[in-house]
Amino acid sequence: GNSVTQMEGPVTLSEEAFLTINCTYTATGYPSLFWYVQYPGEGLQLLLKATKADDKGSNKGFEATYRKETTSFHLEKGSVQVSDSAVYFCALTSGSARQLTFGSGTQLTVLP
Amino acid sequence: NAGVTQTPKFRVLKTGQSMTLLCAQDMNHEYMYWYRQDPGMGLRLIHYSVGEGTTAKGEVPDGYNVSRLKKQNFLLGLESAAPSQTSVYFCASRGTGYDQPQHFGDGTRLSIL
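Residue numbers (our numbering), protein chains in the order written: chain Z, 1 to 112; chain X, 1001 to 1113.
Hints should not be assumed to be uniformly reliable.
[As the list claims (entries may be wrong)] So, partial list: chain X residues that the calculated Cβ filter (under 8 Å) puts toward chain Z: (1) Val1050; (2) Glu1052; (3) Gly1053; (4) Phe1090; (5) Arg1094; (6) Gln1102; (7) Phe1104; (8) Gly1107.
[What the hints assert, rightly or not] So the derived list for chain X, only partly shown, Cβ under 7 Å to chain Z, looks like this: (9) Gly1040; (10) Gly1051; (11) Asp1099; (12) Pro1101; (13) Asp1106.
Don't read these hints as lab results, they were simulated from the structure. Computed from a predicted model, the values in this text were never measured in an experiment. C-beta: ideal position from N, C-alpha, C; glycine also.
Sequences and hints are given; from them, build the entire structure.
Given below as structure tokens:
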């Protein structure tokens, strides 16, 4: 079946540091890939997505590239802010109903 | 702009009690989903619906039932609550475009004593 493996957290960084959160996947067919973010006490919000190989998704300074050869979709940001502190989930869609399969989530804390 | 609304936000139940969680969306979306979120496990799909009057099982359906009598509502029922169902429950909806993202509610925190 499909699965998503994420870098285990928690991750703690200083403000303006470089961020990488690793994500690899196993899937049949050609899944679309997503990063969702969850702020404390809230639901998940879509951060970015990529729908085919070599696509780059980007939003709010975050980027991730769909790498089919390495089955990866790593999240990066050049300079994190305190407001980026949240839990980040990598996910893929599959099936006729486009169900999401999630990774376990990575807690990011950014210190001033 | 409400989006996806879940009620209630918090609930404490005793083992064996029943309850229904309500999800309502105002975006005219065809697809709706129920997930549970447990520490260290991400979100897991319980049930989903591809349209009014349809439901299907997800990854962890045991102990839950769902109904989609109206397009905008998706109900999740626990017939006889068990402590293993203590979790945070999220509802989501999406439109019919192939790569439309799912939109999530703020969750229901459910504790079973």
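Cross-check of the supplied hints:
no.	hint	in the structure
1	Val1050	holds, 5 Å
2	Glu1052	violated, 14 Å
3	Gly1053	violated, 15 Å
4	Phe1090	holds, 6 Å
5	Arg1094	holds, 7 Å
6	Gln1102	holds, 6 Å
7	Phe1104	holds, 4 Å
8	Gly1107	holds, 6 Å
9	Gly1040	holds, 6 Å
10	Gly1051	violated, 10 Å
11	Asp1099	holds, 5 Å
12	Pro1101	holds, 4 Å
13	Asp1106	holds, 5 Å
Checked against the numbered hints listed earlier, the structure breaks hints 2, 3, 10; every other hint is satisfied.
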